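Residues 0 to 378 (numbering that gives the first Met the number 0) make up the sequence shown, in order.
Rather than coming from a laboratory, the hints here were simulated on the basis of the structure.
Note that the structure is a prediction, hence the values are computed from the model and not measured.
Fair warning: there could be bad hints in the mix.
Calculated cross-link-like contacts (lysine-lysine; reagent style PhoX-like; alpha-carbon spacing at most 20 Å) [stated by the list, open to error]:
| hint | residue 1 | residue 2 |
| --- | --- | --- |
| 1 | Lys255 | Lys227 |
| 2 | Lys199 | Lys213 |
| 3 | Lys195 | Lys227 |
| 4 | Lys195 | Lys73 |
| 5 | Lys227 | Lys9 |
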Amino acid sequence: MELNRDTIRKIQGLVLFTVVVVVAGVNYRRLLVLLGRLLHIGGPFIIGGVIAFILNVPMRRIEAHLPVSEKHRKIRRPISLCLSILLVAGILFLVFFVVAPELFRTLWSLQSSIPLFFAGIQRGAEQLFASYPEILDYISGISIDWEQILTNLVTFLRSGAGTMLNTTFSAAVSIASGVTNFSISFIFSIYILMQKETLKRQVEMLLRAFLPEKPVERILYIARLSEKIFSSFLTGQCLEAVILGTMFFVTLSVMKLPYALLIGVLIAFTALIPIFGAFIGLGVGAFLMLMVSPTSALIFVITFFVLQQIEGNLIYPHVVGNSVGLPSIWVLAAVTIGGSLMGVVGMLIFIPLCSVLYALLREAVHKRLDDQAKNKKSA
Numbered sequence: 000m001e002l003n004r005d006t007i008r009k010i011q012g013l014v015l016f017t018v019v020v021v022v023a024g025v026n027y028r029r030l031l032v033l034l035g036r037l038l039h040i041g042g043p044f045i046i047g048g049v050i051a052f053i054l055n056v057p058m059r060r061i062e063a064h065l066p067v068s069e070k071h072r073k074i075r076r077p078i079s080l081c082l083s084i085l086l087v088a089g090i091l092f093l094v095f096f097v098v099a100p101e102l103f104r105t106l107w108s109l110q111s112s113i114p115l116f117f118a119g120i121q122r123g124a125e126q127l128f129a130s131y132p133e134i135l136d137y138i139s140g141i142s143i144d145w146e147q148i149l150t151n152l153v154t155f156l157r158s159g160a161g162t163m164l165n166t167t168f169s170a171a172v173s174i175a176s177g178v179t180n181f182s183i184s185f186i187f188s189i190y191i192l193m194q195k196e197t198l199k200r201q202v203e204m205l206l207r208a209f210l211p212e213k214p215v216e217r218i219l220y221i222a223r224l225s226e227k228i229f230s231s232f233l234t235g236q237c238l239e240a241v242i243l244g245t246m247f248f249v250t251l252s253v254m255k256l257p258y259a260l261l262i263g264v265l266i267a268f269t270a271l272i273p274i275f276g277a278f279i280g281l282g283v284g285a286f287l288m289l290m291v292s293p294t295s296a297l298i299f300v301i302t303f304f305v306l307q308q309i310e311g312n313l314i315y316p317h318v319v320g321n322s323v324g325l326p327s328i329w330v331l332a333a334v335t336i337g338g339s340l341m342g343v344v345g346m347l348i349f350i351p352l353c354s355v356l357y358a359l360l361r362e363a364v365h366k367r368l369d370d371q372a373k374n375k376k377s378a
């Protein structure tokens, strides 16, 4: 092999890479600690970037359709940003301060319905097994202290989950570092959105200054692909959730079933979780209606699966379409892996992330197959 300048440079790069890998393998514990510290320090900026990305999705559309003349185009971005913040804040307010209290009030109102419901089941069982004295004696001997159960449940909600929630919010309000981190994140996101074109140009200049042209183009291509897929997924999931929740609210209202608004909003919110989310709304809605009327619960379950089929086969393909570009089997795998690693956040992140990896892998496979076909033809 000829030892020219390019060959020597490749050998140096290979030796440097080997040394870095060996040092990292030997000191991986220290590297993990260092990485944790860096993530802690850069946490506000990472959160700020996530907030900016979420706000940019509605802001971009609002800015494109905002009726502002060219003379006043400088105010187009601030107005769009303010409207996007109000939109996201309104959705969060609706979920946490309207739906959640209403759900707790509904559960609290069921304290009288649940004992009556199970008492009716017990009477029905007694009538059914009247000819079997042994079973009848066993059923008659079943006694449940519903007041004590409900008291324990309320105590848990107040002193358990309630205390944890109050502690979280109290800590976020009282601890100066928490307030400071959130403020820094929010302000950083605003700076990103107000100067996103400038930041994009500066990052591109930085890459071109220190990296060869081919890697730079590849990095920019992956960044554009990731931004497109993540934005399309976020927009599609939100729109699909709103449509699904509206369908349930209208259908349940027309059928005069109880808790139409609560179940509609709950399903819209949980539908943001791919595949499994809407079934959380199904479980809660079926339980609430079961306490009112078993017939209503059965009708609701049937209605749920009918609307799910309509949404899955007609609405979802048109709303989300092939923007994610990930086959169904890999969507299920992405949701399962993401949920195992990072919970609900992992479910939301891993689908577009796996879609990006899938698109890059598909492109690399097709390119390699095309090259192999060309080599066969030339041979």
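Taking the hints in turn, this is what the structure says about them:
Taken as a hint, the lysine 255 and lysine 227 pair is broken in the structure, with Cα atoms around 42 Å apart against an allowance of 20 Å. Restraint check for lysine 199 and lysine 213: satisfied, since their Cα atoms lie roughly 18 Å apart, inside the 20 Å limit. With a CA separation close to 15 Å, the supplied pair lysine 195 and lysine 227 stays within the 20 Å bound. Pair hint lysine 195 plus lysine 73 holds up; C-alpha atoms about 14 Å apart against a cutoff of 20 Å.
Restraint check for lysine 227 and lysine 9: not satisfied, since their Cα atoms lie roughly 35 Å apart, outside the 20 Å limit.
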